[in-house]
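K.L.:
Following the hints, put chain B in place on chain A, whose structure we already have.
One line per chain: the protein sequences are A and B, in this order.
First residue of the first sequence? That's 1 in the numbering used here, and the numbers climb one at a time after it.
First residue of the second sequence? That's 1 in the numbering used here, and the numbers climb one at a time after it.
Treat the hints with care, as some may be off.
Some residues of chain A that are not near chain B, with every Cβ distance over 10 Å (derived) [to be verified]: (1) 20; (2) 33; (3) 45; (4) 65; (5) 70; (6) 78.
Capping the alpha-carbon separation at 25 Å, the derived lysine-lysine pairs in BS3-like fashion look like this [claimed, not checked]: (7) B:106 - B:78; (8) B:73 - B:55; (9) B:78 - A:14; (10) B:73 - B:106; (11) A:9 - B:106; (12) B:70 - B:106; (13) B:78 - B:55; (14) A:96 - B:73; (15) A:96 - B:55; (16) B:55 - B:70.
No lab work stands behind these hints: they were computed from the structure.
Yeah, the Cβ is synthetic: ideal placement off N, Cα and C, and Gly gets one too.
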Amino acid sequence: NAGVTQTPKFQVLKTGQSMTLQCAQDMNHEYMSWYRQDPGMGLRLIHYSVGAGITDQGEVPNGYNVSRSTTEDFPLRLLSAAPSQTSVYFCASTAKNTEAFFGQGTRLTVV
Amino acid sequence: AQTVTQSQPEMSVQEAETVTLSCTYDTSESDYYLFWYKQPPSRQMILVIRQEAYKQQNATENRFSVNFQKAAKSFSLKISDSQLGDAAMYFCAYKSYGNNRLAFGKGNQVVVIP
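Chain A on its own, in the form it takes in the complex:
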């Protein structure tokens, strides 16, 4: 049972480069979300999706895009990376009335 699979685990980008963080879940959960974790800030919601074809912004959406073409996949795109996007990113999947299940996280460094 894989749960939530998030890739890559580590990434270094140059300012201005683009990349996609992948997230897939095999639990048939409708709700998926992306968080970023910064020291002393906890986890902050970037974008979320309540089902295939439906996405919405969270607390810190600027600089990130998402799409949800299938129930299983919810990729996060950085179109033009900035040093301020250096962070640890988590994908999470949630069924109604349960806790969130998290991927293993991606440590992203933008230089």
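P.N.:
Below, chain B alone, put in the same frame as chain A:
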């Protein structure tokens, strides 16, 4: 939006002793969930314990227990018989009953002293 507050960014506890982490939250809702997540150095987010707001009984999972005070909007975590493996960052989180968005506190770093 709900806010979750965790004070005391770092706490130390002797091995085998007890430590309590505090969490308060702000909400106007009556139905919701509360969680404590553990994040060890591996970075993985691990669910420690959950509490449904409609349940008056405090949740317990082995050495972990909570003190849920709904009127005071308080949700503290007690770790009994602390072990070296308990050393981690602990996050308190709130989830509305009607949607799946989680609001996190800023975390408590727990250091276990042998």
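K.L.:
It remains to establish, for every hint, whether it holds in the given structure.
P.N.:
Outcome of the hint check:
1. Every Cβ of chain B is farther than 10 Å from the Cβ of residue 20 of chain A; the closest lies at roughly 20 Å, confirming the non-interface assignment.
2. With a closest Cβ-Cβ approach of about 7 Å to chain B, residue 33 of chain A is found to fall inside the 10 Å limit, against its non-interface label.
3. Look at residue 45 of chain A: its CB is around 6 Å from the nearest CB on chain B, not clear of 10 Å, so calling it non-interface is violated.
4. Non-interface call for residue 65 of chain A relative to chain B: holds, since the shortest CB-CB distance, roughly 19 Å, exceeds 10 Å.
5. No beta-carbon of chain B is positioned within 10 Å of the beta-carbon of residue 70 of chain A; the least distance is around 18 Å.
6. Against chain B, the non-interface label of residue 78 of chain A holds: every CB pair exceeds 10 Å, the least being about 19 Å.
7. Straight-line distance between C-alpha atoms of residue 106 of chain B and residue 78 of chain B comes to about 18 Å, which keeps the hinted pair within the 25 Å bound.
8. For the given pair, residue 73 of chain B sits about 14 Å from residue 55 of chain B by alpha-carbon distance, which is consistent with the 25 Å threshold.
9. About 43 Å separates the Cα atoms of residue 78 of chain B and residue 14 of chain A, which puts this hinted pair outside 25 Å; it is violated.
10. A hinted pair counts as satisfied when its Cα atoms are at most 25 Å apart, and residue 73 of chain B with residue 106 of chain B qualifies at roughly 17 Å.
11. A hinted pair counts as satisfied when its Cα atoms are at most 25 Å apart, and residue 9 of chain A with residue 106 of chain B qualifies at roughly 23 Å.
12. For the suggested pair residue 70 of chain B and residue 106 of chain B, the alpha carbons sit about 21 Å apart, so the restraint of at most 25 Å is met.
13. Restraint check for residue 78 of chain B and residue 55 of chain B: the C-alpha separation of about 18 Å stays at or below 25 Å, so the hint holds.
14. Distance check on the hinted pair: residue 96 of chain A and residue 73 of chain B sit about 23 Å apart at the alpha-carbon level, within 25 Å; holds.
15. A hinted pair counts as satisfied when its Cα atoms are at most 25 Å apart, and residue 96 of chain A with residue 55 of chain B qualifies at roughly 18 Å.
16. Annotation: proposed proximity of residue 55 of chain B to residue 70 of chain B holds, straight-line Cα distance about 10 Å (limit 25 Å).
Checked against the numbered hints given earlier, the structure breaks hints 2, 3, 9 and satisfies all the rest.
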